[in-house]
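J.: First residue of the sequence shown: 119, per this note's numbering; consecutive thereafter.
To be clear, the hints were calculated from the coordinates, so they are not data collected in a lab.
Treat the hints with care, as some may be off.
Taking lysine to aspartate or glutamate and the DMTMM-like style, the derived pairs with C-alpha atoms no more than 25 Å apart in a straight line are [claimed, not checked]: (1) Lys209 x Glu227; (2) Lys209 x Asp220; (3) Lys225 x Asp207; (4) Lys225 x Glu199; (5) Lys209 x Glu199; (6) Lys225 x Glu208; (7) Lys250 x Glu227.
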Amino acid sequence: MVNAYVDLCGGRVDDEIDAATGARAGITPGFFSGVKKTGWRFFPSIMETPKSTGGRPAHHPTAMHRRLVQVLAAQGVPQREICRVLEIDEKTLRRHFRHELDIGSAKLEAALVLHLYQLAGGGDDVALRAIKFALQARFGWSPYAPQPC
Numbered sequence: 119m120v121n122a123y124v125d126l127c128g129g130r131v132d133d134e135i136d137a138a139t140g141a142r143a144g145i146t147p148g149f150f151s152g153v154k155k156t157g158w159r160f161f162p163s164i165m166e167t168p169k170s171t172g173g174r175p176a177h178h179p180t181a182m183h184r185r186l187v188q189v190l191a192a193q194g195v196p197q198r199e200i201c202r203v204l205e206i207d208e209k210t211l212r213r214h215f216r217h218e219l220d221i222g223s224a225k226l227e228a229a230l231v232l233h234l235y236q237l238a239g240g241g242d243d244v245a246l247r248a249i250k251f252a253l254q255a256r257f258g259w260s261p262y263a264p265q266p267c
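With these hints in hand, go ahead and build the complete structure from the sequences.
T.: Given below as structure tokens:
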């Protein structure tokens, strides 16, 4: 049937097929032509872009957030509460703000030790309890341990 049509039309079947399929009709290369070489790439620009990894976007700490974490840690605010303020996860806080957390906790410890020594310098019952606490907490002293010989 096709051969009879080719004979009647004088060989114009190829031109009609090319026009129907879009070949030589101004369609972008790669759209219909070359399907066997490149696969079904109807929109190559979309297909070649890398897919996103998914999940939440990466956290980028700012200088203000760093200072805030350091101040809050120095005031003794728990990490869970700092995370609520910054709206981040605890793991993210420890990963991105480790240095600030360490500095804040060191400042808190220094302030507590200074206050404890000021209390221990007094002459009342509070001073005695402060000295006992400092000896137990910092130096491992126990009132129940045997005396060294």
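J.: Confirm or reject each hint.
T.: Cross-check of the supplied hints:
Simply put, Lys209 and Glu227 have alpha-carbon atoms about 23 Å apart, close enough for the 25 Å limit, and the pair holds. Of the pairs offered as hints, the one joining Lys209 and Asp220 holds, with about 15 Å between alpha carbons and a cut-off of 25 Å not exceeded. The suggested pairing of Lys225 with Asp207 holds, with an alpha-carbon distance near 24 Å, which does not exceed 25 Å. With a C-alpha separation of about 18 Å, the suggested pair Lys225 and Glu199 falls inside the 25 Å cut-off, and the hint holds.
Restraint check for Lys209 and Glu199: the C-alpha separation of about 13 Å stays at or below 25 Å, so the hint holds. Proximity of Lys225 to Glu208 is assessed by CA-CA distance (about 21 Å); at most 25 Å being required, the pair is judged to hold. For the hint linking Lys250 to Glu227, the alpha-carbon distance of about 17 Å falls within 25 Å, and the restraint holds.
Hint violations for this structure: none, all hints satisfied.
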